[in-house]
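Asks: Residue-level listing of the chains:
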Amino acid sequence: MGIVSPGFTGRRRSGTELPPGQYLTRDFPVLSAGPTPHIQPEHWEFSIATESGEVHKWDWPAFLKLPAEEITRDIHCVTRWSKLESEWKGVSLDTLFADVETSADFVMAHSYGGYTTNLPLDDLLDGQAWIAYEFEGDPLGAEHGGPARLLVPHLYFWKSAKWVRGLVLSDAEDLGFWETAGYHEYGDPWKEQRYAGD
Amino acid sequence: MERTAVRRRLTWQAGTVTEIREETATARTIVLDLPDWPGHLAGQHLDVRLTAPDGYRASRSYSIASAWTGSTIELTVEQVPDGEVSPYLVDVLKVGDPLEVRGPVGGWFVWRPDSAGPIQLIGGGSGVVPLMAMLREHAHASSTAPARLLYSVRRPTSVIYAADLKKLAMSDDVDLTFVYTREAPPGEPRVGRVDAELLAAKAFAPTDDLTTYVCGPTPFVEAVADLLVAAGHDPARVRTERFGPTGGPR
Chain A
1 MGIVSPGFTG
11 RRRSGTELPP
21 GQYLTRDFPV
31 LSAGPTPHIQ
41 PEHWEFSIAT
51 ESGEVHKWDW
61 PAFLKLPAEE
71 ITRDIHCVTR
81 WSKLESEWKG
91 VSLDTLFADV
101 ETSADFVMAH
111 SYGGYTTNLP
121 LDDLLDGQAW
131 IAYEFEGDPL
141 GAEHGGPARL
151 LVPHLYFWKS
161 AKWVRGLVLS
171 DAEDLGFWET
181 AGYHEYGDPW
191 KEQRYAGD
Chain B
1 MERTAVRRRL
11 TWQAGTVTEI
21 REETATARTI
31 VLDLPDWPGH
41 LAGQHLDVRL
51 TAPDGYRASR
61 SYSIASAWTG
71 STIELTVEQV
81 PDGEVSPYLV
91 DVLKVGDPLE
101 VRGPVGGWFV
111 WRPDSAGPIQ
121 LIGGGSGVVP
131 LMAMLREHAH
141 ASSTAPARLL
151 YSVRRPTSVI
161 YAADLKKLAM
171 SDDVDLTFVY
181 TREAPPGEPR
191 VGRVDAELLA
201 AKAFAPTDDL
211 TTYVCGPTPF
221 VEAVADLLVA
231 AGHDPARVRT
241 ERFGPTGGPR
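If you read the sequences in order, they're chains A and B.
Each residue of the first sequence is one higher than the one before, counting from 1 in UniProt numbering.
Each residue of the second sequence is one higher than the one before, counting from 1 in UniProt numbering.
No wet-lab data here; the hints were simulated from the structure.
Check the hints yourself; a few may be wrong.
Label pairs and their in silico Cβ distance ranges [unchecked claim]:
id, chain 1, residue 1, chain 2, residue 2, range
1, B, T157, A, T95, 51 to 59 Å
2, B, P38, A, G2, 40 to 48 Å
3, B, S171, A, Q40, 28 to 36 Å
4, B, P206, A, E45, 25 to 33 Å
Even glycine gets a Cβ: it sits at the ideal position worked out from N, Cα and C.
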């Protein structure tokens, strides 16, 4: 068990529905490595580039024409806050990948502002991930990644890249921004994969 | 964005509290003797883990306040109202107690003494903590890189590291500006927030080799970073660290 902290009793506010080490918040904290990019929807473009160099692109009007889903999921930040039943609207990556031919295993998400994060492609398909553009009924605010962000609720939230502008498929795994700075390459909250080697 | 390569396994280690310093009515500095600490870069943070007698645990991340000099490390903790870990660290923990930590973490919001170019530090409230580590590293390494700190606080009694900052400000390489948002000391007429005019007067103008570090509550960092970008700073040269909620509607 390790050492006991003299005089610490704890508050035990975490419910059983929370991954280990997380606590519940009703706020929506903001964490970003730099200034918030303010991307106007008319300048926004999203692309998927395959390992063979084929590029699929959507501008904002084309993106909004795709079938959207209402998504209610718990989200978990590596800095230990969790939000239960957060409500989003977005386009499933299954929809975006419908015409993409690939046998790649890995994806690098790229954002406006230069942020990157790596994920296995298997974690983005089969109803597990979306490009979200509404949060709790409102357009997604710039500080939370608007106009659109990646939403991968089953992984720590740094994987849900804000201001996403494209996915690049690859046969080999590369590391993204926080992963290169010491965070876990996969980031499963239930296994507490916070830092490299966890 | 530039990349750093820090990948190794982090393990929990026990330190001993050797000193506690009151900084303000709500913040204190904890000095830890950590025999197995691998060292850190100025600006990095660590996780603190508390364990109750029945095994219940809670962890939180805190910025490291000290430069790595090979002996002890210092954390400065501001009590978060209704918090779980910070009230223990601020009110209960005492000299001689053990404390478990894991780190250092973070390879982006850091300053290395061999980095070229001036450094602009802009802190709000307890956001000054990692910036203080940078100023201490700057002094420890005898860096001649020009450094400026803009420190936004509510009132004079909210200033963390008042004595240390005064000492550092006597150096030719460090320039210090306080911005009081609620109440200024006698002789300092300005009360207000960091705005474009103040940045133009007191912060470095954008240059190709300037790096700006902004740390504080989310609304503060959002406002300052937007002002910097509007003033012509390259967003890639503005590094930010935010804490707390957005302050907007929930």
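Asks: Work down the list of hints and note, for each, if the structure agrees.
Replies: Here is how each hint holds up against the structure:
Taking 51 to 59 Å as the suggested C-beta distance range, the pair T157 (chain B) and T95 (chain A) conforms, at roughly 56 Å. The given range of 40 to 48 Å is broken by P38 (chain B) and G2 (chain A), whose C-beta atoms sit roughly 19 Å from each other. S171 (chain B) and Q40 (chain A) have their C-beta atoms about 44 Å apart, which leaves the hinted 28 to 36 Å range violated. Distance hint check for P206 (chain B) and E45 (chain A): the Cβ-Cβ separation is about 28 Å, which falls inside the suggested range of 25 to 33 Å.
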